[in-house]
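S.K.: Sequence:
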Amino acid sequence: MSKVKHAGHKGIEICVSWQPAKDGHIPPNAIEAAPGCFVGRAKHEDCWIPAKVAEGHTNAYVPYDGKEHSIPEYEVLVCSEIGCYGKGYKWVRKDSGDVPKKALVAGREKNDEPLYVARGEVDGEMCVGKVHKNHHCAYFPYGGTEHSSEEYEVLVLGE
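Residue numbers are given in this note's numbering: position 60 of the sequence shown equals residue 60, and the series is strictly consecutive.
It is worth saying that the hints were derived from the structure and are not from the lab. As the structure is a prediction and not an experimental result, all values here were calculated from the model. Using N, Cα and C, we set each Cβ at its ideal position, and we do this for glycine too. There may be inaccurate statements among the hints.
Below, a list of computed lysine to aspartate or glutamate pairs in the DMTMM-like style, where the Cα atoms sit at most 20 Å apart [claimed, not checked]: (1) Lys43 - Glu109; (2) Lys110 - Glu151; (3) Lys94 - Glu73; (4) Lys133 - Glu121; (5) Lys43 - Glu113; (6) Lys133 - Glu153; (7) Lys43 - Asp65; (8) Lys94 - Glu45; (9) Lys110 - Glu153; (10) Lys110 - Glu45; (11) Lys133 - Glu150; (12) Lys101 - Glu153; (13) Lys133 - Glu113; (14) Lys43 - Asp23; (15) Lys133 - Asp112; (16) Lys133 - Glu151.
Between beta-carbon pairs, the in silico distance windows are [stated by the list, open to error]: (17) Glu121 - Gly66: 16 to 22 Å; (18) Lys90 - Gly144: 29 to 35 Å; (19) Asp95 - Asp46: 25 to 31 Å.
With these hints in hand, go ahead and build the complete structure from the sequences.
M.R.: Printed below as a string of structure tokens:
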């Protein structure tokens with residue numbers, strides 16, 4: 001979200017939205033975590049989980065229960081800002097399960113614990129994953145498995 005101030009007017013612009021996608025489609029204005037790697041979310045085991053959506057792949061990938069799961073139908077986070085007030089989001093470096101204020105909740109666990117969008121490197125490749133606050137880390141899907149990391153960046157809404 002971006003603060004809007006103009007000639008005595010004040011407000012907030014919601015600058016991101018989720019767009020349904022499948023079969024490798026990446027909509028225009030998709031938010032990149034790194035070149036060719038986009039922020040997504042997908043349903044797995046009745047939970048919405050932050051997902052990695054990569055160019056050239058037909059599915060989104062979620063980290064869950066020690067594995068990387070491939071999901072053919074997913075949602076992609078897109079930037080829907082007007083343009084003159086700023087992009088309305090940023091990446092903030094955190095660690096050990098810490099989550100900043102205004103972090104984007106992209107899913108929930110079965111126990112209703114919120115899951116936040118994270119990005120981090122696995123084997124030199126930037127990945128999108130989830131921050132699991134109670135586990136004190138972030139998890140990333142890569143190479144068929146779920147990788148944990150105490151260091152990551154969190155997607156935060158704001159100026």
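S.K.: Evaluate each hint against the coordinates.
M.R.: Results of checking the hints against the structure:
The hinted pair formed by Lys43 and Glu109 meets the criterion: a straight-line CA distance of about 11 Å does not exceed 20 Å. For the hint linking Lys110 to Glu151, the alpha-carbon distance of about 24 Å lies beyond 20 Å, and the restraint is violated. Restraint check for Lys94 and Glu73: not satisfied, since their Cα atoms lie roughly 30 Å apart, outside the 20 Å limit. The suggested pairing of Lys133 with Glu121 holds, with an alpha-carbon distance near 19 Å, which does not exceed 20 Å.
For the hint pairing Lys43 with Glu113, the CA-to-CA distance comes to about 15 Å; that is within 20 Å, so the pair holds. A C-alpha spacing of about 13 Å is found between Lys133 and Glu153, which places the hinted pair at or below 20 Å, so the restraint holds. Taking the CA atoms of Lys43 and Asp65, the gap is near 14 Å; set against the 20 Å cutoff, the hint holds. In summary, the hint linking Lys94 to Glu45 is not supported, as the alpha carbons are separated by about 28 Å, beyond the 20 Å threshold.
With a CA separation close to 24 Å, the supplied pair Lys110 and Glu153 exceeds the 20 Å bound. Of the pairs offered as hints, the one joining Lys110 and Glu45 holds, with about 8 Å between alpha carbons and a cut-off of 20 Å not exceeded. A distance of roughly 11 Å separates the Cα atoms of Lys133 and Glu150; the hinted pair therefore holds under the 20 Å criterion. Distance check on the hinted pair: Lys101 and Glu153 sit about 13 Å apart at the alpha-carbon level, within 20 Å; holds.
For the hint pairing Lys133 with Glu113, the CA-to-CA distance comes to about 8 Å; that is within 20 Å, so the pair holds. For a cut-off of 20 Å, the pair hint linking Lys43 to Asp23 stands: about 15 Å separates their Cα positions. Using a Cα cut-off of 20 Å, the hinted pair Lys133 and Asp112 holds, with the two alpha carbons roughly 12 Å apart. Between Lys133 and Glu151 the alpha-carbon distance is near 12 Å, which keeps this suggested pair within the 20 Å criterion.
As the Cβ distance of Glu121 to Gly66 is approximately 19 Å, the hint placing it in 16 to 22 Å holds. As the Cβ distance of Lys90 to Gly144 is approximately 31 Å, the hint placing it in 29 to 35 Å holds. Between Asp95 and Asp46 the Cβ separation comes to about 30 Å, which falls inside the hinted range of 25 to 31 Å.
In this structure, the hints that do not hold are numbers 2, 3, 8 and 9, in rising order.
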